[in-house]
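A.B. asks: This is what each chain is made of:
Number of protein chains: 2
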Amino acid sequence: MITVHSPDHVLRAARTELAGGRLVPPFECPERVAFVLDRIAAVGLGAVVTPEAQGLDPVLRVHDAGFVRFLETAWDEWVASGAAGEAIPIIWPARRMSQDRIPRSITGRLGHYALAAETSISQGTWAAARAAADVAVGAADRVLGGERAVFGLCRPPGHHAARDMFGGYCFLNNAAIAAQRLRDRGLSRVAILDVDFHHGNGTQDIFYDRDDVVYLSLHGDPMDAFPYFLGHADEIGVGAGEGFNANFPLPRGTLWPRWSAALAEAIGRARRLGAEVLVISLGVDTFEGDPISFFKLTSDDFLRMGEAIGRAGLPTVFLMEGGYAVAEIGLNAVNVLMGFESV
Amino acid sequence: MITVHSPDHVLRAARTELAGGRLVPPFECPERVAFVLDRIAAVGLGAVVTPEAQGLDPVLRVHDAGFVRFLETAWDEWVASGAAGEAIPIIWPARRMSQDRIPRSITGRLGHYALAAETSISQGTWAAARAAADVAVGAADRVLGGERAVFGLCRPPGHHAARDMFGGYCFLNNAAIAAQRLRDRGLSRVAILDVDFHHGNGTQDIFYDRDDVVYLSLHGDPMDAFPYFLGHADEIGVGAGEGFNANFPLPRGTLWPRWSAALAEAIGRARRLGAEVLVISLGVDTFEGDPISFFKLTSDDFLRMGEAIGRAGLPTVFLMEGGYAVAEIGLNAVNVLMGFESV
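Chains A and B, in that order, are what the protein sequence lines are.
Residue numbering for the first sequence follows the numbering used here, beginning at 1 and increasing consecutively.
Residue numbering for the second sequence follows the numbering used here, beginning at 1001 and increasing consecutively.
Misleading hints may appear alongside valid ones.
[Stated by the list, open to error] To be clear about the criterion: a stretch of chain B counts as covered by chain A if any three or more of its residues have a C-beta under 8 Å from a C-beta of chain A, and this derived list gives those stretches:
#, region
1, 1159-1172
2, 1215-1228
3, 1282-1291
[Stated by the list, open to error] Now the stretches of chain A that chain B is said to cover, found in silico as 3 or more residues with beta-carbon under 8 Å:
#, region
4, 8-19
5, 83-95
6, 98-108
7, 161-170
8, 216-227
[As the list claims (entries may be wrong)] Just some of the chain A residues that point at chain B, by a computed CB distance under 8 Å:
#, residue
9, Gln54
10, Asp57
11, Leu60
12, Arg61
13, Gly111
14, Ala117
15, Ser120
16, Asn201
17, Leu230
18, Ile236
19, Gly239
20, Glu242
Calculated directly from the structure, the hints in this document are not laboratory data.
Because the structure is a prediction, the values reported are computed rather than measured.
Note that the Cβ used here is the ideal one computed from N, Cα and C, for glycine as well.
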């Protein structure tokens, strides 16, 4: 399997994450990719290629133009405002506050375009986010070109990024950008299967009223887990999208038998709805050793996960999302890809 | 003029405020009250008395019961969750996310009930917030008892606290609690005049659909100033409250002539609408030396402010809100009270 990868991911190297009331080194760190690349080389998964620069067109197909402009300039404006730390929102348009007027102040705009405060915008974040979007498009294009499956080693991840909001370590929604690319290049129905521990609120948001991109997610129950405010089972889509969004929230301590039963249901749904291609939001923070999650999958379970996805028999774009047990992220992510290839 | 004051304000002594992407010592600090008390003594303003404990009934007249329970237990739950720092939200119900289901997780509930992240919940915060509400009720009761004016030296402040959200250094909305007390004890129309530099989004929120409590606010234009997402001139109230909310957003560098013209307009509005009593949200962060605001009032201007309020000829409850030029806060706040008494 070919891996698409951009070395520019290292430009996303924030110093601070807000966690437990303190500023700590971010769980989502550049070392994550190094471990995955090492494992790809160790098992001989296949070639690692660099994507072409795509410009902003594929990004603007799923993201708000004002939001994209904000991401592009936020760091420079933040620094110009005299702030000493990285850009972290301090206020947002909460219940019954105005969502229509976008403040002039960079502090106000930061809150307008954020859905979470753990994720700071740092120098280089925009360049890295653009490179990750290029990776996603590059992976989608290779599947359009006839590959059975391609791995887009995106970083920063994307699935929490909504049409006009960043957060949860995500800035541009790589999976949404890839799915839209597949649609724009001729496929009529795409299914995004999100196996990251966290609900992909951003992906759901982007496609919630559409029937051409199905969103299926297995994740920690939002009553107990980030992102808390989206991912319930009764969120089934709206308008034309009704029935094309399916959430499988699962409890603390979930093991492979329960997790894989939900996976089978999700894959069955994708097939019944006529998906022609799968985009996998591949987070491996379902791992038992993950420091910020609460499922209990083993490294061997990731092989079985790949096999189950492979048996769906659809062209597949794998895109890296979360996974914070850094030393095991390569083993676990590549196990999914090897399991897929074994079918 | 009598001052109502609770020594329990010192229980609000957070160690951290999120500002400029760093955790810094809070601008809203216990020393603020010490400077005001010193000035009250120095000028011989009048007696300083301690309020009676009121229980939660006056609080629950304007705040959501679930929110109040949350504030009561948040610190203990946060500590029990293993967090090492003070309680700071990291995610909230942003645009198109669910506002109906309240998460089980303390991290999720913290986001549900917050409108800002600069304000951490610390040990003792709840006790101090309750004491400030007692101060507000105690001041209102003395005006009901016949005093021309009383000063409630509330801390923490209150005007950013909405029916079900904390933030902006505020937890319980002292001015709203006092206004409701005045209504419940027989006055038919109350005007809250908010002269703090920041818009009192919480107070506006609580009374936005009511015609019995008028809200009038002079503040930094929310396009440029906290709270950014409320406080525009076209927010005039809704339903029965239409015409009973008036905002006067003012630009960077505003001096006394422009500020006092807006004050005259606000006071005229209160009188025309038949207010029987004034509640003044007395922030003195309009001062030229304030570290986080951008108006340019001088210490002498605060004397004139008090005179203008006194000339309204209404019974008046002054309640302390913001003001972060700590060394000058006593001079400036007491100048307003002395100006009032000189009329």
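A.B. asks: Are at least 3 residues of the region 1282-1291 of chain B within less than 8 Å of chain A when you compare beta carbons?
C.D. replies: As far as the region 1282-1291 of chain B goes, the hint is violated, because 0 residues have Cβ atoms under 8 Å from chain A.
A.B. asks: Please verify that hint: Ala117/A, Cβ, nearest Cβ of chain B, below 8 Å or not.
C.D. replies: This interface hint holds because 5 Å falls under the 8 Å limit.
A.B. asks: Is the interface hint satisfied for Asn201/A? The criterion is a beta-carbon contact with chain B at less than 8 Å.
C.D. replies: holds (7 Å)
A.B. asks: With a cut-off of 8 Å, does the beta carbon of Gly239/A approach a beta carbon of chain B closely enough for the hint to hold?
C.D. replies: Violated, because the Cβ-Cβ distance from Gly239/A to chain B comes to roughly 13 Å (cut-off 8 Å).
A.B. asks: Tell me if Arg61/A is really an interface residue toward chain B, meaning its C-beta lies closer than 8 Å to one of theirs.
C.D. replies: Hint on Arg61/A: violated, closest Cβ of chain B at ~19 Å, above 8 Å.
A.B. asks: Against chain B, run the beta carbon of Leu230/A and see if the smallest gap drops under 8 Å.
C.D. replies: Since chain B brings a Cβ to about 5 Å from Leu230/A, closer than 8 Å, the hint holds.
A.B. asks: How about the region 83-95 of chain A: do at least three of its residues have a C-beta closer than 8 Å to a C-beta of chain B?
C.D. replies: It holds, with 13 qualifying residues against the three required.
A.B. asks: Three or more residues of the region 216-227 of chain A near chain B by CB distance under 8 Å?
C.D. replies: With 6 residues close enough to chain B, the hint holds.
A.B. asks: Holds or violated: the hint that Leu60/A contacts chain B, with Cβ atoms closer than 8 Å.
C.D. replies: This interface hint is violated because 19 Å lies over the 8 Å limit.
A.B. asks: Under a C-beta cut-off of less than 8 Å, do 3 or more residues of the region 1215-1228 of chain B approach chain A closely enough to confirm the stated coverage?
C.D. replies: Holds: 7 residues of the region 1215-1228 of chain B have a Cβ under 8 Å from chain A.
A.B. asks: Closer than 8 Å between Cβ atoms is the bar; does Ser120/A clear it against chain B? Give me holds or violated.
C.D. replies: holds (6 Å)
A.B. asks: At a Cβ distance under 8 Å, does chain B reach at least three residues of the region 8-19 of chain A?
C.D. replies: With 3 residues close enough to chain B, the hint holds.
Checked against the numbered hints given earlier, the structure breaks hints 3, 9, 10, 11, 12, 18, 19 and 20 and satisfies all the rest.
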